[in-house]
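Turn these sequences into a full structure, and let the hints guide you.
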Amino acid sequence: SKNKLDHLIIVIHGIGDMLDSQHLSSNLSALSSALLTAANLSDSKLRVLVRAVEWHSKMQDKWRHILHRAVPGFPASPQGSLLRRTVQDYFGDIILFGSQRWRDMLIDEVAQQIEAEFNGVKFAYENFSG
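Under the numbering used here, the sequence shown is numbered contiguously, ending at residue 1583.
Hints are supplied without guarantee of correctness; some may be wrong.
Simulated pairs of lysine-lysine, DSS-like, Cα-Cα distance not exceeding 30 Å [as the list claims (entries may be wrong)]:
(1) Lys1511 / Lys1575
(2) Lys1575 / Lys1457
(3) Lys1498 / Lys1457
(4) Lys1498 / Lys1575
By construction, these hints were calculated from the structure, which means they are not laboratory data.
Here it is in structure tokens:
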């Protein structure tokens, strides 16, 4: 590959499905543009790639099936109810951050995603060493 890359920036995004993914994409694009502008203004030939990993929605998928059982009226409570969303989104975060087991799972999830992004970039940019 003739693609050249000097630096890889991996943004760890943890808001997950609570933030529109299109918004994340536009923020990453704005960051990339700002870095390119800064490089150009300083006469630098620096080549930077910005990528993101997102752990929150992946972790929620893992704990949602547990938390659904805690919602009063389960399984009859409506899928989109405020009570269900509150339990799975907010109480789920409390469990996630307050439990060593879930914190370890979160760290593993982020590490796996970072490694996958890094390996994908190394494949696409064969001269990139990290």
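Each hint, compared with the structure:
1. Lys1511 / Lys1575: 24 Å, holds
2. Lys1575 / Lys1457: Distance ~11 Å between lysine 1575 and lysine 1457 Cα, so the pair holds.
3. Lys1498 / Lys1457: Holds, at roughly 11 Å.
4. Lys1498 / Lys1575: 20 Å, holds
Against the hints set out earlier in the document, no violation occurs for any number.
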